[in-house]
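K.L.:
One letter stands for each residue in the lines below.
Number of protein chains: 2
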Amino acid sequence: MAIWLDHAADDFEARFAEFLTTKREVSEDVNATVKAIIDDVRARGDAALADYTRRFDGLDFNDKPMRVTEAELDEALASVDPQIVDALRLAAQRIESHHARQMPKDDIYEDAIGVGLGSRWTAIDAVGIYVPGGTASYPSSVLMNAVPAKVAGVERIVMVVPALKGAINPAVLAAAKIAGVTEIYRIGGAQAVAALAYGTRTIAPVYKITGPGNAYVAAAKRQVFGTVGIDMIAGPSEVLVIADGENDPDWIAADLLAQAEHDEGAQSILLTDDAAFGKAVEDAVERQLKTLSRNQTAAASWRDFGAVILVRDLKDGMPIANRIAAEHLELAMADPEPFIRGIRNAGAIFVGRHTPEVIGDYVGGSNHVLPTARSARFSSGLSVLDFVKRTSILRLGPEQLRQLAPAAITLARCEGLDAHARSVAIRTNEGN
Amino acid sequence: MAIWLDHAADDFEARFAEFLTTKREVSEDVNATVKAIIDDVRARGDAALADYTRRFDGLDFNDKPMRVTEAELDEALASVDPQIVDALRLAAQRIESHHARQMPKDDIYEDAIGVGLGSRWTAIDAVGIYVPGGTASYPSSVLMNAVPAKVAGVERIVMVVPALKGAINPAVLAAAKIAGVTEIYRIGGAQAVAALAYGTRTIAPVYKITGPGNAYVAAAKRQVFGTVGIDMIAGPSEVLVIADGENDPDWIAADLLAQAEHDEGAQSILLTDDAAFGKAVEDAVERQLKTLSRNQTAAASWRDFGAVILVRDLKDGMPIANRIAAEHLELAMADPEPFIRGIRNAGAIFVGRHTPEVIGDYVGGSNHVLPTARSARFSSGLSVLDFVKRTSILRLGPEQLRQLAPAAITLARCEGLDAHARSVAIRTNEGN
Numbered sequence: 001m002a003i004w005l006d007h008a009a010d011d012f013e014a015r016f017a018e019f020l021t022t023k024r025e026v027s028e029d030v031n032a033t034v035k036a037i038i039d040d041v042r043a044r045g046d047a048a049l050a051d052y053t054r055r056f057d058g059l060d061f062n063d064k065p066m067r068v069t070e071a072e073l074d075e076a077l078a079s080v081d082p083q084i085v086d087a088l089r090l091a092a093q094r095i096e097s098h099h100a101r102q103m104p105k106d107d108i109y110e111d112a113i114g115v116g117l118g119s120r121w122t123a124i125d126a127v128g129i130y131v132p133g134g135t136a137s138y139p140s141s142v143l144m145n146a147v148p149a150k151v152a153g154v155e156r157i158v159m160v161v162p163a164l165k166g167a168i169n170p171a172v173l174a175a176a177k178i179a180g181v182t183e184i185y186r187i188g189g190a191q192a193v194a195a196l197a198y199g200t201r202t203i204a205p206v207y208k209i210t211g212p213g214n215a216y217v218a219a220a221k222r223q224v225f226g227t228v229g230i231d232m233i234a235g236p237s238e239v240l241v242i243a244d245g246e247n248d249p250d251w252i253a254a255d256l257l258a259q260a261e262h263d264e265g266a267q268s269i270l271l272t273d274d275a276a277f278g279k280a281v282e283d284a285v286e287r288q289l290k291t292l293s294r295n296q297t298a299a300a301s302w303r304d305f306g307a308v309i310l311v312r313d314l315k316d317g318m319p320i321a322n323r324i325a326a327e328h329l330e331l332a333m334a335d336p337e338p339f340i341r342g343i344r345n346a347g348a349i350f351v352g353r354h355t356p357e358v359i360g361d362y363v364g365g366s367n368h369v370l371p372t373a374r375s376a377r378f379s380s381g382l383s384v385l386d387f388v389k390r391t392s393i394l395r396l397g398p399e400q401l402r403q404l405a406p407a408a409i410t411l412a413r414c415e416g417l418d419a420h421a422r423s424v425a426i427r428t429n430e431g432n
Numbered sequence: 433m434a435i436w437l438d439h440a441a442d443d444f445e446a447r448f449a450e451f452l453t454t455k456r457e458v459s460e461d462v463n464a465t466v467k468a469i470i471d472d473v474r475a476r477g478d479a480a481l482a483d484y485t486r487r488f489d490g491l492d493f494n495d496k497p498m499r500v501t502e503a504e505l506d507e508a509l510a511s512v513d514p515q516i517v518d519a520l521r522l523a524a525q526r527i528e529s530h531h532a533r534q535m536p537k538d539d540i541y542e543d544a545i546g547v548g549l550g551s552r553w554t555a556i557d558a559v560g561i562y563v564p565g566g567t568a569s570y571p572s573s574v575l576m577n578a579v580p581a582k583v584a585g586v587e588r589i590v591m592v593v594p595a596l597k598g599a600i601n602p603a604v605l606a607a608a609k610i611a612g613v614t615e616i617y618r619i620g621g622a623q624a625v626a627a628l629a630y631g632t633r634t635i636a637p638v639y640k641i642t643g644p645g646n647a648y649v650a651a652a653k654r655q656v657f658g659t660v661g662i663d664m665i666a667g668p669s670e671v672l673v674i675a676d677g678e679n680d681p682d683w684i685a686a687d688l689l690a691q692a693e694h695d696e697g698a699q700s701i702l703l704t705d706d707a708a709f710g711k712a713v714e715d716a717v718e719r720q721l722k723t724l725s726r727n728q729t730a731a732a733s734w735r736d737f738g739a740v741i742l743v744r745d746l747k748d749g750m751p752i753a754n755r756i757a758a759e760h761l762e763l764a765m766a767d768p769e770p771f772i773r774g775i776r777n778a779g780a781i782f783v784g785r786h787t788p789e790v791i792g793d794y795v796g797g798s799n800h801v802l803p804t805a806r807s808a809r810f811s812s813g814l815s816v817l818d819f820v821k822r823t824s825i826l827r828l829g830p831e832q833l834r835q836l837a838p839a840a841i842t843l844a845r846c847e848g849l850d851a852h853a854r855s856v857a858i859r860t861n862e863g864n
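Which chain is which? The protein sequence lines are A and B, in order.
All residue numbers for the first sequence refer to this note's numbering, where the first residue is 1 and numbers rise by one.
All residue numbers for the second sequence refer to this note's numbering, where the first residue is 433 and numbers rise by one.
Bound conformation, chain A alone (with noise of 0.2 Å):
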């Protein structure tokens, strides 16, 4: 049972109010044991990261060597259904297809007193992917980090996963391979991030960090931000439907608990207009919980976050979703559009009664990789953009310095900088 908010109730503020604010993740402390661990790799490198791979993972590296090799990943591909292959080959070339379209264009141009200024994008160097181990390894996410990259022109892409006991996804290397990842290791956890960060005998440095991960990789890229740029700290994921009552009531909860069986901290909000087609979909998701193998995620996320928000006209419903700025926003009414032009925050839309979020997951071509919990307030999907940076450019003539020195000068004094101010006087001899 999902909890019901009614718009036209007296105490509906101060009940979405609270609703937004309520914490769906359990915060571990964790920063002390990480901080040591990032310490001990940054000391002792490679025997360090056999040492945790040994305790945390199970694994020697004597008898399957920390790095991936180019015949383990054939051999990955080999193996795995060629269906889910040609599945992952789709997904790329979908993703890749969209994602070319992101890559920024460089702006050189003169002013009209013929000061030249630019802006320059170029790839960031090296990268470093964080692919979760066990049941939240998919091979999807490899996608969503590694394609973007490689589209951005990244050189080395370098993915880290822990391979408990050795062993790996095979589906997740041979996404690996289909998103050209240039460096596999068999780690994980914080000491994988601080290899990532600071390099070791084997793994030589990235300059950036992308990834989910569990509450130690949270931590550990925290604590790296600023020696590597990070990605987002993703939080657990939420969906909301906005939907009239003219929607088949199952395909709505199916999309409900695609988003509940993530996790226990998941949320997923159904925003109508018809309390009775709510019941009804309501109904729906305890039926269809019964034969879902990850029945009990679901069933914790939907008890615990699950909402049904309630407006007498979905107009209503803008701004409510604009408050949630849901990471994932369906949009399952006869007329969409207003929404769409008045939505601001939100991670992705998907429009229409034919366009489930899962779609998004996997093969749309957008990246799944969004702003969890009401971030898309202030922040975007990865993209492109997060894999490339920008070097401004400026250039200036003598003509253009007699022009501009005065203000600068000016603003220097202004700012107690004398130094500033010798430094343009200097050059068009207004003293110094």
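Hint data in this document are derived by calculation from the structure and do not stem from the laboratory.
Don't take every hint at face value.
As the list claims (entries may be wrong) - Calculated lysine to any residue pairs in the SDA-like style (CA-CA distance at most 25 Å, straight line):
#1 K315(A) x I233(A)
#2 K290(A) x T860(B)
#3 K455(B) x M66(A)
#4 K609(B) x K455(B)
To be verified - Simulated coverage check for chain B against chain A, where a stretch passes if three residues somewhere in it have a Cβ under 8 Å from a Cβ of chain A:
#5 437-449
#6 509-518
#7 538-549
#8 567-578
#9 615-623
#10 763-777
Stated by the list, open to error - Cβ-to-Cβ under 8 Å is the rule here; a few derived chain B residues that face chain A:
#11 D682
#12 P788
#13 G813
#14 R822
#15 S824
#16 A840
#17 E847
Computed from a prediction, not measured in an experiment: that's the story for all the values here.
C-beta: ideal position from N, C-alpha, C; glycine also.
With chain A held as given, fit chain B onto it using these hints.
P.N.:
Chain B only, in chain A's frame:
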């Protein structure tokens, strides 16, 4: 005396590698203090702000209220030397025209099989700008943070600035007025960051916080990251000047000192192919230091972190420059073109003998908030992109869903996510 690194020497690589990793700032661990302040502001709101402001800034809100009034702004603008106001207006206008070109364009299209895909950009609704107090309270930084936000379309631009005994630099207020800041509060430190992130009765929360600050401000930004977005954590500033022997040593010395006067941790590096020229620049630095108001700071920076790198051929400087990844890079040479093309890692490039970096600090039009401490390897200067976010849009009809469904279902099942598979299959009758 700066250190000299000779590219032809046997120990160059070892010495250069050590030089690259030299830490230039004392990292104070203020995390516990900052956490207590943030928790207190979350719990007690305005009352906590009043207490900290009385204690740290010597200001009682009964004497001067927290919020700066429109009348005070007008008064500040009228009180500032008109030459400074004109210079601020010129700077703001040039920053605005340059940044307007950075506004990303929406991209909405249909692919070959009729899937609608899109990237839509919207401004962040509300951002906070931190402005330091005291001598580091620079009006130019107000422009560099607020103007791009305005260009992006941010509606609420909230500035916080500590007002020691109630006083704020009138030029800072004038810059805020010119840039279009919408709210200003007399608060600073970790308490101001907490108020922006979580809100109080007086201050509505913002979604992203930018701007430089001391160790407490930096730690607070790191701690609230996730609840709100933040810009980079700025470290001490640096410049790399690549200069042939045909430059006036005094010009180049002035540029090196303009960097050194910022901060004892600032770093000024000259790279040249002419040892005699290098020596002449060093002499000029010593001479100019004598007449500099910030003599002590600049001398300490030059002594502790200044460097002259000597190469046989200027071209050898290119890979060295890419490893240094300087915040500011000056190319003071006859033919800078090959360098402009070959430099991948730099915050900003200043081209030719008449483009001192200082022009970029004030009136060039490009942003002076740039990646420090080698982070130009993975990040970019502040731009309009920091104040917008992207929503991706996906739209399938029944026919597109039919085509993509099999691959999506295959991947969902491969990942053990049955509800994902069902959410697609239920719409295409491929079994659920």
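K.L.:
Each hint: holds or not?
P.N.:
Structure-based check of all given hints:
Taking the CA atoms of K315(A) and I233(A), the gap is about 32 Å. The hint is violated against a cut of 25 Å. About 21 Å separates the Cα atoms of K290(A) and T860(B), which keeps this hinted pair within 25 Å; it holds. Taking the CA atoms of K455(B) and M66(A), the gap is near 31 Å; set against the 25 Å cutoff, the hint is violated. Pair hint K609(B) plus K455(B) does not hold up; C-alpha atoms about 38 Å apart against a cutoff of 25 Å.
Chain A is given as covering the stretch 437-449 of chain B, and this is violated because 0 residues of the stretch bring a CB closer than 8 Å to a CB of that chain, at least three being needed. Three residues within the 8 Å Cβ limit are the bar, and the stretch 509-518 of chain B against chain A gives 4, so the coverage statement holds. Coverage of the stretch 538-549 of chain B by chain A holds in this model, with 6 residues showing a Cβ closer than 8 Å to a Cβ of that chain against a need of three. Three residues within the 8 Å Cβ limit are the bar, and the stretch 567-578 of chain B against chain A gives 4, so the coverage statement holds.
Here's how the stretch 615-623 of chain B fares: 0 of its residues keep a CB closer than 8 Å to some CB of chain A, so the rule of at least three is not met and the hint is violated. Residues of the stretch 763-777 of chain B lying with their CB closer than 8 Å to a CB of chain A number 4, which satisfies the three-residue condition for coverage. The beta carbon of D682(B) is positioned within 8 Å of a beta carbon in chain A (closest approach about 6 Å), and the interface hint is therefore held. With a cut of 8 Å, the hint placing P788(B) at the interface with chain A holds, because the nearest CB-to-CB distance is about 5 Å.
Evaluation of the G813(B) hint against chain A yields a held restraint, the C-beta minimum of about 6 Å falling below 8 Å. At about 4 Å, the closest approach between the beta carbon of R822(B) and any beta carbon in chain A falls short of 8 Å, and the interface hint on this residue holds. With a least beta-carbon distance of about 4 Å to chain A, the hint placing S824(B) at the interface is held under the 8 Å criterion. This hint holds: A840(B) has a C-beta 5 Å from the nearest C-beta of chain A, less than the 8 Å allowed.
Interface restraint check: E847(B) against chain A, minimum CB-CB distance 5 Å, threshold 8 Å, status holds.
Comparing the model with each earlier hint shows violations of hints 1, 3, 4, 5 and 9; every other hint is respected.
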